[in-house]
Amino acid sequence: AQKITQTQPGMFVQEKEAVTLDCTYDTSDPSYGLFWYKQPSSGEMIFLIYQGSYDQQNATEGRYSLNFQKARKSANLVISASQLGDSAMYFCAMREGRDSGYSTLTFGKGTMLLVSP
Amino acid sequence: NAGVTQTPKFQVLKTGQSMTLQCAQDMNHNSMYWYRQDPGMGLRLIYYSASEGTTDKGEVPNGYNVSRLNKREFSLRLESAAPSQTSVYFCASSEARASGTYEQYFGPGTRLTVT
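Listed in order, the protein sequences are those of chains V and W. The working numbering puts the first residue of the first sequence at 19, with every later residue one more than the last. The working numbering puts the first residue of the second sequence at 162, with every later residue one more than the last.
Where hints are given, some of them may not hold.
To be verified - Per label pair, the in silico range of CB-to-CB distance:
id	chain 1	residue 1	chain 2	residue 2	range
1	V	G28	W	G177	46 to 54 Å
2	W	M188	V	N76	41 to 49 Å
3	W	T274	V	E33	30 to 38 Å
4	W	K218	V	Q20	14 to 22 Å
5	W	D217	V	Q87	26 to 34 Å
Claimed, not checked - 30 Å max Cα-Cα, derived BS3-like pairs, lysine-lysine:
id	chain 1	residue 1	chain 2	residue 2
6	V	K34	V	K88
7	V	K127	W	K175
8	V	K127	W	K170
9	V	K127	V	K34
10	V	K88	V	K21
11	W	K175	V	K21
Unchecked claim - Example chain V residues on the side facing chain W (calculated, C-beta under 10 Å, incomplete):
id	residue
12	K34
13	F65
14	G70
By construction, these hints were calculated from the structure, which means they are not laboratory data. C-beta: ideal position from N, C-alpha, C; glycine also.
Hey, can you work out the whole structure from these sequences and the hints?
Structure (structure tokens):
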């Protein structure tokens with residue numbers, strides 16, 4: 019079974035609207051972390067936001083927020099007020115196990131987001 | 162502060178040739194990683210080094226070797242390149258934050274084509 023599932027190969031949104039990118043995960047470890055990365059057409063990987071399994075509140079970073087539903091094993095990324103520069107591939111990733119000084123990540127296959135004027 | 166650097170940016174190899182991808186970070190991070198990215202597959206971990214002097218296999222290690230030369234540098238070697246190794250290779254590094262986040266910082270990638 020896939021550990022990270024991103025069911026939306028592509029999403030379209032109009033500028034200034036909000037969009038939700040879906041991510042579900044599969045782990046039996048009680049300690050884990052969830053990451054979202056952005057990959058624009060230039061190819062670099064840009065860290066956006068992190069949620070730990072024991073964090074009480076949903077993570078937020080500027081226009082990005084993570085809708086973390088532990089019982090459903092979902093960690094959806096919400097982008098508010100979309101901008102043209104948000105057009106990119108978005109990857110959800112998971113770290114499993116206790117914090118041990120490093121983190122190996124398992125990535126989903128990504129969602130391509132296109133923002134139109 | 163350059164972050165994570167990778168050389169070369171592009172490379173074309175013939176089947177059976179060998180090469181080493183270089184990676185260096187200037188953030189004094191303990192942990193470093195090599196991933197490959199294939200179309201429609203996301204990123205997959207090849208090898209990682211939790212700290213200087215240690216290396217471990219990831220999800221797809223076959224056909225690759227690594228060397229953690231020092232704390233800054235982590236190289237990936239293809240001994241006998243195969244067309245299946247055509248991919249974009251990313252190096253990353255990480256360090257624990259007080260918050261417990263282990264954000265990985267990525268290099269710009271190396272696009273490798275094996276013909």
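Taking each numbered hint in turn, which are not upheld by the structure, reported in ascending numerical order?
1, 2, 11, 12
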